[in-house]
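Next come the chains, spelled out residue by residue.
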Amino acid sequence: MNAQNHVNIVMIEDDEGHARLIEKNIRRASISNDIRHFLDGTTALDYLFNDPAGPAHNGPALILLDLNLPDMSGTSILEKVKSDDRLRSTPVVVLTTTDDKVEIQRCYDLGCNVYVTKPVNYESFADAIRQLGLFLSVIQIPHAGV
Amino acid sequence: MPVTLLKDTVRGRGDRMVVALLATGIILLIVAIVAAAVTLGSITEDTDAVEATLQTQATISRISTLNEQTETGRRGYLINGDRSFGAITRIATDALQIEVDRAAPMVQGFPDQQERFARLSQMVDERQAIVDRLLALPPERLSDAAAENFDLDPGVQLTRKIRTLALEMLNVEKDRLSLRNRSQLDSLKRFYAVGGIALLLLVAVMATVVVVMVRHNRAIADAEAELRVANEGLEGAVAERTTDLRRANAEIQRFAYIVSHDLRSPLVNVLGFTSEMDAARAVIQKHLDNLRESHPELATKDLAYAVEEDLPEALGFIRTSTEKMDRLINSILDLSRQGRRVLTPENLDMRQLTGNVADTLYQRAQEEDATILIGELPEVESDRMAVEQIMSNLLENAIKYLSPDRKGEIRIEGGRSFGQVHFDVIDNGRGIAPNDHERVFDLFRRSGKQDKPGEGIGLANVRALAHRLGGNVTVESELDRGATFRLSLPTRFRPVDDQA
Chain B
1 MNAQNHVNIV
11 MIEDDEGHAR
21 LIEKNIRRAS
31 ISNDIRHFLD
41 GTTALDYLFN
51 DPAGPAHNGP
61 ALILLDLNLP
71 DMSGTSILEK
81 VKSDDRLRST
91 PVVVLTTTDD
101 KVEIQRCYDL
111 GCNVYVTKPV
121 NYESFADAIR
131 QLGLFLSVIQ
141 IPHAGV
Chain G
1 MPVTLLKDTV
11 RGRGDRMVVA
21 LLATGIILLI
31 VAIVAAAVTL
41 GSITEDTDAV
51 EATLQTQATI
61 SRISTLNEQT
71 ETGRRGYLIN
81 GDRSFGAITR
91 IATDALQIEV
101 DRAAPMVQGF
111 PDQQERFARL
121 SQMVDERQAI
131 VDRLLALPPE
141 RLSDAAAENF
151 DLDPGVQLTR
161 KIRTLALEML
171 NVEKDRLSLR
181 NRSQLDSLKR
191 FYAVGGIALL
201 LLVAVMATVV
211 VVMVRHNRAI
221 ADAEAELRVA
231 NEGLEGAVAE
241 RTTDLRRANA
251 EIQRFAYIVS
261 HDLRSPLVNV
271 LGFTSEMDAA
281 RAVIQKHLDN
291 LRESHPELAT
301 KDLAYAVEED
311 LPEALGFIRT
321 STEKMDRLIN
331 SILDLSRQGR
341 RVLTPENLDM
351 RQLTGNVADT
361 LYQRAQEEDA
371 TILIGELPEV
381 ESDRMAVEQI
391 MSNLLENAIK
401 YLSPDRKGEI
411 RIEGGRSFGQ
421 VHFDVIDNGR
431 GIAPNDHERV
441 FDLFRRSGKQ
451 DKPGEGIGLA
461 NVRALAHRLG
471 GNVTVESELD
481 RGATFRLSLP
491 TRFRPVDDQA
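Chains as they are written, first to last, in UniProt numbering: chain B, 1 to 146; chain G, 1 to 500.
Read the hints as simulated data drawn from the structure, not as lab findings. Some clues are possibly wrong.
Claimed, not checked - Derived DSSO-like pairs (lysine-lysine); straight-line CA-CA distance at most 30 Å:
# : chain 1 : residue 1 : chain 2 : residue 2
1 : B       : K24       : G       : K286
2 : B       : K101      : B       : K24
3 : G       : K189      : G       : K174
4 : B       : K101      : G       : K324
5 : G       : K174      : G       : K161
6 : G       : K449      : G       : K400
7 : G       : K324      : G       : K400
8 : B       : K24       : G       : K324
9 : B       : K101      : B       : K80
Said to hold, decoys possible - Some chain B residues near chain G, calculated using beta-carbon distances under 10 Å:
#  : residue
10 : G17
11 : L21
12 : K24
13 : N25
14 : T98
15 : Q105
16 : D109
17 : P119
18 : F125
Said to hold, decoys possible - In silico negatives: residues of chain G with every beta carbon more than 10 Å from chain B:
#  : residue
19 : Q55
20 : D94
21 : D101
22 : G109
23 : R190
24 : R337
25 : R364
26 : K449
For glycine and all other residues, C-beta sits at the position ideal for the given N, C-alpha and C.
Construct the entire structure; sequences and hints are all you get.
This is the structure:
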């Protein structure tokens, strides 16, 4: 599980409650990777592209992305990430309340790797996060070891 | 509408004018005919008078001629005593007498001629007497009579007088003839004048009628053009309003979508942290259980009550309420989503479609011991998913709200009328009180005994769908007498475009 430990989790989520619940469940799924939490799109993008510790300059990461952000739409962040050569291979998990088919399709078209609907039913929610842990443990990290 | 009024006024004014003019024309025509008849009568009178004068003239001429014949005969007889001359004289005097008798009525009414005629008649009588006397004379005495002076012969003198008088009378008649001829000509002139004037007036009236009609027609055409413009304006206004409504509708759809979305977000937290609290409570519960075994004196009644009664109860209420709220929000989301779905019309075999829907509800119907009968249903062109949804909702309701007092019977019937088809879902269930008929179609509203699960979404959704399909859903029911829900749809799909 060496590779897993190198992967930083970047969580872009404006709702602190959601962020906390996600984090709790990630930890509960015994995933101990670092989690960087951003409340809005602008600072998140700045970190992703410009921060020396960010994934653009410093290796593998996984992005947890909420679609409803106060300053921009999550899909535009997704678009920017997937059109950047350095970030294209970074897995993006869209985690949002929308279960609209059109919206989901749009995210997949833009290159999102997993789309998770936040269910109100907490058990399903916890399940979804556990699935995420599983996903995290098997993903290929191309930049690992570089 | 002012334009229509204007048109009516134009038409009314024009009509009245034309009627008045035509009436004038008819009156003029009658006047002309009467005038012509009167004039024609006077012409006939004049002609008769001329005829009479001509006859009088002829008679007087014949009198004159016979006068000469009588004299010639008498003189011949007087000179040579030939009996044949006597016979000629007799014939002439007889004829003369006849002509005089004939002339008598002709001069009636003309005093001057009457007076002359009286004299003439008298002279003819006198001459008759002379002739009678001469013819009665024995032949031997004829020579004596012949020897008498010719100029002193009273017969000769009478003849001359008669001749003069006849000539005088002829001249008078000639004057009268020319007078009567002139009056006849005047009558004729009058006739032509009256006729001509009437004709001219008639032509004038007709010309006016034509002018009025043309002007009137033009006014109507103008009014119609105005009306058309007004109508087009109206259509524009309607189109504008429709666009506004569509925009408003789309706005509401978007609003419902966003609101329900944003409402969901906090719910995730509420439920999530409720579960976290439950998890925390489980830890405390475990600790309490341990405590009971190790230090029973510390496990107070209050503590047990808080952990085992109060907390689970509060968490339970929070959870059920939040879950209900989530269901409501999901329903709104569904409704809003259905409002945005693109409808694809196709020909639907409604018997088959309804059969399929009934099959999916077969289990439910069995549980409620209800039978579903599907009658003859007309075909319709519409959106399959929407119609299926509507029929499924109506059937589900029928099964759900049956009466416990009788065996459930649900019939589905259909019919068509004036470009519309309708499908009736008829049950013998618990029915709906009349004052709840509209309420049941409202969102989140239900009626009757609340002993069945449901959010009060189904019928609101059904009606919204039917409206989108260009149709409607109505209910007829009485409490405890069953209910009939009728879905009406246009036979041919007409898009009700609510996506501005």
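**Request:** Any hints from earlier that this structure breaks? Give me their numbers in increasing order, please.
**Result:** 15, 16 and 24
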